[in-house]
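All chains should be modelled from the sequences, with the hints used to inform the complete structure.
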Amino acid sequence: MKSFRNRIAQYEDETDYVDTYGALLTRCIRVAMKLQELGIGEDDIVSACTHNHRNSCVPFIASTFIGAIPATFDPGLSDIDTVSLLRLMQPKVIFISQEMLKDFETYMEKARVKPAYTIVFGESRGQYMSFDEFLKPQIKENQFKVYETSNPKKTAVVMFSSGTTGLPKGICLNHYALLKQSGSFRDDCPEIINSDTADSVLLLYPTLYWISAVCTLIGAVLRGEAKVLCRSFNAKRFFEIVEKYKVTLTFVPPYNLPLILQERPKDVDLSSLKAMLTGSCPITAQLMKETIEAFPETPVKNGYGQTELAGAISLFSRPEDRDMQKKKLTSCGRIYSYLQWKLIQLRTSAIMDTAVTHYALC
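First residue of the sequence shown: 1, per full-length UniProt numbering; consecutive thereafter.
By construction, these hints were calculated from the structure, which means they are not laboratory data. Take every hint as true, because none was put in to throw you off.
With a straight-line Cα cutoff of 27 Å, these simulated BS3-like cross-link-like pairs (lysine-lysine) come out: (1) Lys92 to Lys154; (2) Lys342 to Lys180; (3) Lys92 to Lys153; (4) Lys244 to Lys266; (5) Lys266 to Lys246; (6) Lys153 to Lys169; (7) Lys154 to Lys2; (8) Lys92 to Lys145; (9) Lys34 to Lys145; (10) Lys154 to Lys180; (11) Lys169 to Lys154; (12) Lys2 to Lys140; (13) Lys236 to Lys289; (14) Lys34 to Lys154.
See below:
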């Protein structure tokens with residue numbers, strides 16, 4: 001972040017606020033030091049629940065600066081899921097948006113969980129601390145030293161499963177996995193990763209509850225890329241954002257693609273958009289075909305990932321894959337070269353020889 005301090009880190013679309021890496025780093029350091037003053041440190045759980053805004057990533061980054069473990073909730077989670085995850089995580093500190101505060105008071109009461117500190121983004125009631133207090137200058141902030149782990153396989157972040165077959169469960173991801181998935185995959189994706197990261201502008205809508213948002217944040221920090229922050233998805237506004245901020249890469253899940261196709265204006269300038277990624281659930285061949293036709297100058301890629309694997313594991317990302325993608329419209333691509341994998345015959349449980357079967361595609 002120091003290396004990219006003069007680059008733009010975030011565009012807050014709702015307010016037109018432009019945030020540099022230098023300004024973001026300063027806020028992260030101040031919050032980290034304030035957490036240390038409150039006795040928060042290595043392995044303590046620090047949670048947050050808020051929509052995307054300029055400070056939504058600050059508790060996450062600040063926690064890693066002091067060796068604490070971030071575990072983020074999503075405002076869209078059901079009451080049952082939120083209560084269950086609160087019981088599971090028992091956070092020492094939680095950062096909450098004003099609009100979620102009343103609900104979280106109920107959730108914490110039901111879960112019988114009482115964090116040592118509850119911090120509210122914006123104005124707060126007397127019993128809670130305001131996030132603004134954490135942004136006050138610190139005397140020794142220029143001498144602040146970031147926590148360094150001696151074990152890269154140590155838990156860095158707690159994520160959660162999607163809860164498809166039951167309540168969401170905690171997933172511990174270590175430093176190595178997160179850095180590998182957020183950085184190394186670009187060698188497998190020459191068609192979608194800009195060589196000049198100063199011009200990269202990323203547009204994703206998920207909060208830091210989702211692995212896609214976490215990997216995007218870490219990758220952006222590592223490469224000095226800018227992100228556009230949006231409170232929620234709006235198909236019509238999507239095109240205005242791409243044109244306004246010169247977005248180079250975006251991720252749109254299949255369930256939002258029909259809305260985008262319906263709202264696509266004829267005169268919009270999408271020349272900056274180098275790639276559109278989709279994933280998180282199955283896509284039909286017809287929808288994939290229509291999306292590719294609607295964005296003729298932009299490569300549209302369907303990928304596959306798992307939270308347990310710290311992000312994406314496959315994608316059609318190389319120029320030589322274009323013909324294969326046309327034949328396999330519903331495929332989620334070629335497995336990244338740095339990953340180890342095996343194919344098992346379901347009937348016999350025998351491990352299949354990939355050199356013979358050539359099953360490198362998902």
